[in-house]
Amino acid sequence: MTKPIYLHQNGHVSTYAALKSAQYELRMHLPNTGKIILPMADLMYLQAASNYCWLHWKDGQRILTPRTLKYYEPMLPEAWFVRPHRNCIVNIHYIDRMEYLYPDKGGLLHLHSGEILPVSRRRWVDIKNTYKHMRSQQALPLN
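Oh and the sequence shown: position 25 is 25 in my numbering, straight run, nothing missing.
Incorrect hints may appear among the rest.
Unchecked claim - In silico DSSO-like links for lysine-lysine, alpha-carbon gap of 30 Å or less: (1) 105 / 132; (2) 128 / 105; (3) 70 / 35; (4) 35 / 58; (5) 70 / 105; (6) 105 / 35; (7) 132 / 35; (8) 70 / 58; (9) 128 / 70; (10) 132 / 70; (11) 128 / 58.
Hint data in this document are derived by calculation from the structure and do not stem from the laboratory. Keep in mind that this is a model prediction, so the values were computed, not measured.
Starting from the given sequences, assemble the full structure and let the hints guide the process.
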């Protein structure tokens, strides 16, 4: 049996093990496809597209939703998701490595899927510290 997470609720799950073992799901109703249910643990990142949002999943699936990042941000587990730039929110468990560019440029996040996302210079230190802390706690699985 699975426990759903509804997008209109502010449910937080603190650890990867808790989220993975309980099989939490993300339930959405989309105009074209109707109701869909996807596991929260498989959500790699969200990317802004004006007043829409692309949800990128582990299996390569992309879903365009008529919501903004601001809508989704409070609904995602804080221990899992970080906002490295104004245009994306990333599941920290899918970060492969971080690359620092220059002091005035910020950096890049390299995901396990090979995609590269920007990190703003102001958020670089916070993202780096969060990533290092998660790696040191061995809370990040090897995908």
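Quick rundown of the hints versus the structure:
no.: 1; hint: 105 / 132; result: holds, 20 Å
no.: 2; hint: 128 / 105; result: holds, 15 Å
no.: 3; hint: 70 / 35; result: holds, 22 Å
no.: 4; hint: 35 / 58; result: holds, 19 Å
no.: 5; hint: 70 / 105; result: holds, 24 Å
no.: 6; hint: 105 / 35; result: violated, 41 Å
no.: 7; hint: 132 / 35; result: violated, 37 Å
no.: 8; hint: 70 / 58; result: holds, 22 Å
no.: 9; hint: 128 / 70; result: holds, 22 Å
no.: 10; hint: 132 / 70; result: holds, 26 Å
no.: 11; hint: 128 / 58; result: holds, 22 Å
Against the hints set out earlier in the document, violations occur for numbers 6 and 7.
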